[in-house]
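Chemist: In the order they appear, the protein sequences are chains E, H and S.
Per this note's numbering, residue 664 is the first one in the first sequence, and the count goes up by one each step.
Per this note's numbering, residue 4 is the first one in the second sequence, and the count goes up by one each step.
Per this note's numbering, residue 5 is the first one in the third sequence, and the count goes up by one each step.
Please keep in mind that the hints were generated in silico from the structure rather than gathered at the bench.
Where a beta carbon is used, it is the ideal one built from N, C-alpha and C, also for glycine.
One or more hints might be untrue.
To be verified - A few chain S residues that don't get close to chain H, going by computed Cβ distances all over 12 Å:
1) Met20
2) Glu21
3) Pro24
4) Leu58
5) Arg77
6) Ile147
7) Trp154
8) Tyr197
9) Ala203
10) Ala216
11) Phe221
12) Ile292
13) Asp293
14) Ile296
15) Ala298
Unchecked claim - Not everything, but these chain H residues come out facing chain S in the computed CB check (under 8 Å):
16) Lys23
17) Pro86
18) Arg124
19) Leu125
20) His157
Claimed, not checked - With the Cβ distance kept under 7 Å, some of the chain S side facing chain E (calculated, not the full set):
21) Phe22
22) Val23
23) Phe121
24) Ala135
25) Met142
26) Leu146
27) Val240
28) Ser244
29) Val267
30) Val272
31) Ile274
32) Cys275
33) Leu276
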Amino acid sequence: MGGYKKKKEYGNSQLALTWMKLKDNKFAFISFWLVIAVILVAIFAPLLAPYDYAAQDYNNIMVPLSLEHPFGTDQFGRDILSRIIYGTRYTIIIGFGTMTGSCIVGVFLGLLAAYYPKLDNPIMRFLDIFANIPDMALLMCLVTILGTNMKNLLICLILYYIPGFARISRAKVLTLRNEEFVEASIALGASDARILTKHILPNALSPLIVRFTMSTGGSILEAAALSFIGLGIQPPEPEWGLMISQGRQFLSTYWYYSIIPGLCIVFLTFILNFLGDGLRDALDPRLNY
Amino acid sequence: MRENELLSVEDLEVKFFLRKSTVEAVNGVSFTIDKGESVGLVGETGAGKTTTALSILGLVPNPPGKVTKGAIYLNGEDLLKTPEKEMRKIRGNDIAMIFQDPMTSLNPVMTVGDQIMEVVRLHNDMTKEQAMKRAVEMLELVGIPGERYAEFPHQFSGGMKQRVLIAISLACNPKLLIADEPTSALDVTIQAQVLDLIAGLKEKFNTSLLLITHDLGVVAETCDRVMIMYAGSIVESGPVRSVYKNMKHPYTVGLFNSLPRLDVETDRLEPIKGMMPDPTNLPAGCAFCERCPYATERCKTERPVLTEVEDGHFVACFNPMNKEG
Amino acid sequence: MALALLATIVFLFTLMEFVPGDPALVVLGEGATEENIAAIHKELGLDDPYLVRLGRYLGDLLQGDMGTSYKTRQPIAPAFFSRLPLSMIIAFWGVLVGTILGVLAGIISAVKQYSIFDRVLTVISLFGASAPSFWLAMMFVLIFSVKLGWLPATGSYSFKHWILPVVTIGLQCSASITRMTRSSMLEVIRQDYIRTARAKGQTEIRVIISHALRNAFIPILTQIGSNINGYLGGTVLVESVFAIPGIGNYVLDGVKTMDTPVVLSGIVFICLMCSFVTFFIDMAYAFIDPRIKATYGFGVKKKKKAAVATAKTTEGGEG
Numbered sequence: 664m665g666g667y668k669k670k671k672e673y674g675n676s677q678l679a680l681t682w683m684k685l686k687d688n689k690f691a692f693i694s695f696w697l698v699i700a701v702i703l704v705a706i707f708a709p710l711l712a713p714y715d716y717a718a719q720d721y722n723n724i725m726v727p728l729s730l731e732h733p734f735g736t737d738q739f740g741r742d743i744l745s746r747i748i749y750g751t752r753y754t755i756i757i758g759f760g761t762m763t764g765s766c767i768v769g770v771f772l773g774l775l776a777a778y779y780p781k782l783d784n785p786i787m788r789f790l791d792i793f794a795n796i797p798d799m800a801l802l803m804c805l806v807t808i809l810g811t812n813m814k815n816l817l818i819c820l821i822l823y824y825i826p827g828f829a830r831i832s833r834a835k836v837l838t839l840r841n842e843e844f845v846e847a848s849i850a851l852g853a854s855d856a857r858i859l860t861k862h863i864l865p866n867a868l869s870p871l872i873v874r875f876t877m878s879t880g881g882s883i884l885e886a887a888a889l890s891f892i893g894l895g896i897q898p899p900e901p902e903w904g905l906m907i908s909q910g911r912q913f914l915s916t917y918w919y920y921s922i923i924p925g926l927c928i929v930f931l932t933f934i935l936n937f938l939g940d941g942l943r944d945a946l947d948p949r950l951n952y
Numbered sequence: 004m005r006e007n008e009l010l011s012v013e014d015l016e017v018k019f020f021l022r023k024s025t026v027e028a029v030n031g032v033s034f035t036i037d038k039g040e041s042v043g044l045v046g047e048t049g050a051g052k053t054t055t056a057l058s059i060l061g062l063v064p065n066p067p068g069k070v071t072k073g074a075i076y077l078n079g080e081d082l083l084k085t086p087e088k089e090m091r092k093i094r095g096n097d098i099a100m101i102f103q104d105p106m107t108s109l110n111p112v113m114t115v116g117d118q119i120m121e122v123v124r125l126h127n128d129m130t131k132e133q134a135m136k137r138a139v140e141m142l143e144l145v146g147i148p149g150e151r152y153a154e155f156p157h158q159f160s161g162g163m164k165q166r167v168l169i170a171i172s173l174a175c176n177p178k179l180l181i182a183d184e185p186t187s188a189l190d191v192t193i194q195a196q197v198l199d200l201i202a203g204l205k206e207k208f209n210t211s212l213l214l215i216t217h218d219l220g221v222v223a224e225t226c227d228r229v230m231i232m233y234a235g236s237i238v239e240s241g242p243v244r245s246v247y248k249n250m251k252h253p254y255t256v257g258l259f260n261s262l263p264r265l266d267v268e269t270d271r272l273e274p275i276k277g278m279m280p281d282p283t284n285l286p287a288g289c290a291f292c293e294r295c296p297y298a299t300e301r302c303k304t305e306r307p308v309l310t311e312v313e314d315g316h317f318v319a320c321f322n323p324m325n326k327e328g
Numbered sequence: 005m006a007l008a009l010l011a012t013i014v015f016l017f018t019l020m021e022f023v024p025g026d027p028a029l030v031v032l033g034e035g036a037t038e039e040n041i042a043a044i045h046k047e048l049g050l051d052d053p054y055l056v057r058l059g060r061y062l063g064d065l066l067q068g069d070m071g072t073s074y075k076t077r078q079p080i081a082p083a084f085f086s087r088l089p090l091s092m093i094i095a096f097w098g099v100l101v102g103t104i105l106g107v108l109a110g111i112i113s114a115v116k117q118y119s120i121f122d123r124v125l126t127v128i129s130l131f132g133a134s135a136p137s138f139w140l141a142m143m144f145v146l147i148f149s150v151k152l153g154w155l156p157a158t159g160s161y162s163f164k165h166w167i168l169p170v171v172t173i174g175l176q177c178s179a180s181i182t183r184m185t186r187s188s189m190l191e192v193i194r195q196d197y198i199r200t201a202r203a204k205g206q207t208e209i210r211v212i213i214s215h216a217l218r219n220a221f222i223p224i225l226t227q228i229g230s231n232i233n234g235y236l237g238g239t240v241l242v243e244s245v246f247a248i249p250g251i252g253n254y255v256l257d258g259v260k261t262m263d264t265p266v267v268l269s270g271i272v273f274i275c276l277m278c279s280f281v282t283f284f285i286d287m288a289y290a291f292i293d294p295r296i297k298a299t300y301g302f303g304v305k306k307k308k309k310a311a312v313a314t315a316k317t318t319e320g321g322e323g
C-alpha cells in the first residue's frame, strides 16, 4: 500500500506504476520476458535454426528425438526443431499483426461511433452482425470468399476481432466523456481532437492493452485451428497448427510430431494469457496493494 | 464480571497482514457495555472503529485480517474462543449489526421481506408462514408498509433501505445492537428519523447499543457513554456528560474545536493539524504525539494507558488537559 | 431479435456473392462446355438480379428449404438435419460438463483466494484456455485410445464414442467458465450485502450459494451462452479430430469444395440456433436479476404478493 502511494506522490507516471506492479507479479513478469524472447526467436530464426526448414533429407525420415535432431524429423526428413523455430514467425506475425490491424480499425470505428451519434447505430449494428456469428462459422465463411493463404488468413482474423475493439473503445469513450475532467476541458474550450488524444485515449488505453494481449493468444489459436482443418496456411509452410495436422496420421507411432508444435502453441498462448492477466491487475487502479 | 455487564472487550488487538506491511488496526482496546446501555464510539475514518465492531461479531475479513490478542466476553463467554458454529447462532440473534452503507448492504436479487425472513428462520424454529408474518411485522415496525414485502432493494430509497436493515438487525431481539455509522450515507433530513427510530426501538426492546459514528452531536443525543478512538486505541472514555463537559485528551479537544459552535464567538474553526499516523508504522509512543501541541519527550517514547481521572472517566494521556467545555 | 437475424442472413447471403469463380464450374467440374454452363445458370437462376435471388432465398428458407448443394445436387436440409442431432448432443453435453466443472472450480478458487487450490485451478484453467481444442482432442486420443485402448478414437456409433469429444469440449469450456466464475465471485464476495448475510448468522455455504453465486451469475451466464454459441459452430475442430459426421464437418466440406449453398445455409442455421440461445440467456437474466426484470416491464412476483396478503389476513384474524 505505502510503497506505491509514495511513488504516486512523487509523480511517477501511470506507465512506471504499471511496470512496478507488473514486476511485483512474478509470473506475469516472467511471461513478459518470455514473450519478448519468442519475438526475438522469430526475428533471428535463420540464425537459431540448425537446419533449413524446407530442406528434405530422405536418409533421415522420422528420426526420433536425438542430439542431431532434438525434436526429430518429419516424413520428408525435415528437422522439426528448425520448422518450429521458423514457425514462430508465422505465429508472431499472425498474433500481433491481427491484433494491430483490428485494434487500429476497431478503435477508429469505436471512436467514430462514440463521437458522432448519427454513425453510432449503423456502425454498431453492423458490427453486432459480425459478433453474432460464432467464430469458426464466420471464419470459415470468410475463408470461402477469400481463399487460403497467409494474407487472407490475416484479413479474416482482423475482421473477426474488430467488433471487440470497437465495442470497448466506444463504451470507454462514452463513459469517459461524461467524466468531470473531460467536461472541465470541454468547458475550457479544448478541441475534440485534443480531448480525444490528451484525455480520452490515455484513459481508454488500459482495457485496450488487456484486450490486445488476451486476444493475441486467441488469434494464435484461431489461426492454428484454421490451418489444422486446412483453411489457413497451406503446406509446406512450417506453421504450428499445420504441423499438428500433418503429424496426426503418425499419432500412434511418432507422437512427438504433433505433440511438440501443440506444446509450443500452448506455451505461447499460456504466457500471453498470463501476461494479460498480470497486465489487467497492474492496470486496475482498484488493486493498489 | 459485574452483574449488569453484557459485553466486555479486553485488550483487543487486530492486525491486517498485507503483502508488504502489517496494518495495526486495533491496538489493545478495552471497554464494557452494560445491559440496556448506549455507548458511542467516536473517531476519524480509519481509527479502527468498524474493525472493533467486526471483531465482536467475529467477521474481521480473514485473510488478511486477524485478531492477534485479547478477549471479547458476551455474558461471560469468550467469543474469540467460541467455535464458528456457535458464533453463527450468536450473530444476528444475540449481536446484530447495522452497516454503514444501506445502498450496498442489501442483497439486490432478494426481496426485502425474504431478507428479513432469512434471519428470522435462522434463529427461530418457525414455519415459513410464521417467519413471513414476523417479517411483515418487522417491516411495519420500522415504518414500511407490509405490502412492500415482495419488493426488491432497488425499489427503495436509501433511508428506506436503512429501515429494512434495522428491521433485519432487530428481527431476533438481539441483546446488543452495533450500528456502524448508520446515518452517514443518508440525507441530512433522513438522518434524524433513522436515529430516532434506532433509539426508540432500542428502548422498546431494551437492547444495548454500540453506536459507531464520527458525529459528536449524534452521540450527545443518543448515548449514555462515549469512547473516543484514535489510531486503533481508545484515548478517552466516560459518561457523555462528564466527557463533553470536562474533556481531558488533546485529541478530544481537537475534535470539539473542529465543530462549529453557536455559544462561543469564533472567526474560524480550528482543525487538528496533520494526518493520522500511517497504521502500518505507528510511533512507539503516543500515536497522537506528532499532532499534539502539548507533546513532551515522554509522549514520544512511552505509550500512555487509560487512567481514571474522575468517576468513570478515563483518559490515556500524560498531560491531561483541564479545559472546561 | 428477428430483425437482427434477418440482417445476419442478408449479410451472409451478400458475403457469398463475393465468392470467386463460377458456381456452374463447381457443379459441372472443370472443362464444362459453354452450353452446359449456360444451362446450369438458367437452372439455378444465377443470372437473376441480386435482389431477386435474395428474395427467393429468404422465401425458400421460410418454407424450410435450405437450397440445393452444388456438389451432390441434393437438397441441403435433409442432409443437414440428419447430422444435426449428433453435433447438438456433443455440444450440449460438453457445455454442461464444462459448466458444472467450471462453476465449481471457480467458486472454490474464489472462496479460497490465493490458496494452493486457487493457484492450481488458475493454472489449469489458463492451460485449458491456451490449449487448442483439436490438439487437446488428439492428446486424449493418444492417451485413452492409442496407449490405454479404453475408448474408441474415432466414429460416432455409441455412447462410448461420445465420451472423448464431450470431455474435450467440457474441459475447454470449463476453462473460460472457471475464470469468469472466479472473477465474478471475487467481485461479489467483497460486497457489503455478503457481510450482512454473514452478520445474520447464515452458514458460509448458504452465503456463498444463495447470496454470492446468484449475484455473480449474470456474467457467468453470459459466458455459458457464448460457449454454447461457440460450440454450435465450433465443434468442427473436435468433429474433425474424431471423424464425427456432424454439421461442422458438413460445412467444412462445403468450404473446401466451394459449395456455397451448403456453407451459406449451414452457417445461417447455426446463427439461427445462436439467436435462440441468446434469447433464452436473456430471459434467464431477467429470472436471476429483478433489476433487469424491471426494465423488461414484468411486474413483481405475484405469487409472493398473494402469500403476503394471506399472511396479513391471518394476522388480522388473530388480532
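Chemist: Measuring Cβ to Cβ, find out whether Ala298 (chain S) lies farther than 12 Å from everything in chain H.
Modeler: Violated, since 7 Å does not exceed 12 Å.
Chemist: Over 12 Å from every CB of chain H: does Met20 (chain S) meet that, or does the non-interface label fail?
Modeler: holds (45 Å)
Chemist: With chain E as the partner, please determine if Ile274 (chain S) meets the hint condition of a C-beta pair closer than 7 Å.
Modeler: With a minimum Cβ separation of about 5 Å from chain E (threshold 7 Å), the hint on Ile274 (chain S) holds.
Chemist: Close enough to count: is the Cβ of Val267 (chain S) nearer than 7 Å to one in chain E?
Modeler: With Cβ-Cβ at 5 Å, under 7 Å, it holds.
Chemist: If I take the minimum Cβ distance from Ile147 (chain S) to any residue of chain H, is it greater than 12 Å?
Modeler: Non-interface label on Ile147 (chain S) holds, nearest chain H Cβ at 39 Å vs cutoff 12 Å.
Chemist: Less than 7 Å between beta-carbons is the criterion; does Met142 (chain S) satisfy it with respect to chain E?
Modeler: holds (6 Å)
Chemist: Should the hint that Phe22 (chain S) touches chain E count as held when the rule is a Cβ pair under 7 Å?
Modeler: holds (5 Å)
Chemist: With 12 Å as the threshold, tell me whether Ile292 (chain S) passes as away from chain H on beta-carbon distances.
Modeler: Violated, because the least Cβ-Cβ distance between Ile292 (chain S) and chain H comes to about 7 Å, which does not exceed 12 Å.
Chemist: Please verify that hint: His157 (chain H), Cβ, nearest Cβ of chain S, below 8 Å or not.
Modeler: holds (5 Å)
Chemist: Confirm or reject the statement that Trp154 (chain S) sits farther than 12 Å, beta carbon to beta carbon, from all of chain H.
Modeler: holds (43 Å)
Chemist: Tell me if Leu276 (chain S) is really an interface residue toward chain E, meaning its C-beta lies closer than 7 Å to one of theirs.
Modeler: Check failed: Cβ of Leu276 (chain S) comes no nearer than 11 Å to chain E, outside 7 Å.
Chemist: So, as I understand it, the hint says Pro86 (chain H) touches chain S; can you test that by seeing if any CB pair is closer than 8 Å?
Modeler: Violated - the Cβ of Pro86 (chain H) stays beyond 8 Å from chain S, reaching only about 13 Å at its closest.
Taken one by one, the earlier hints fail for this structure at numbers 8, 9, 10, 11, 12, 13, 14, 15, 16, 17, 18, 23, 30 and 33, listed in ascending order.
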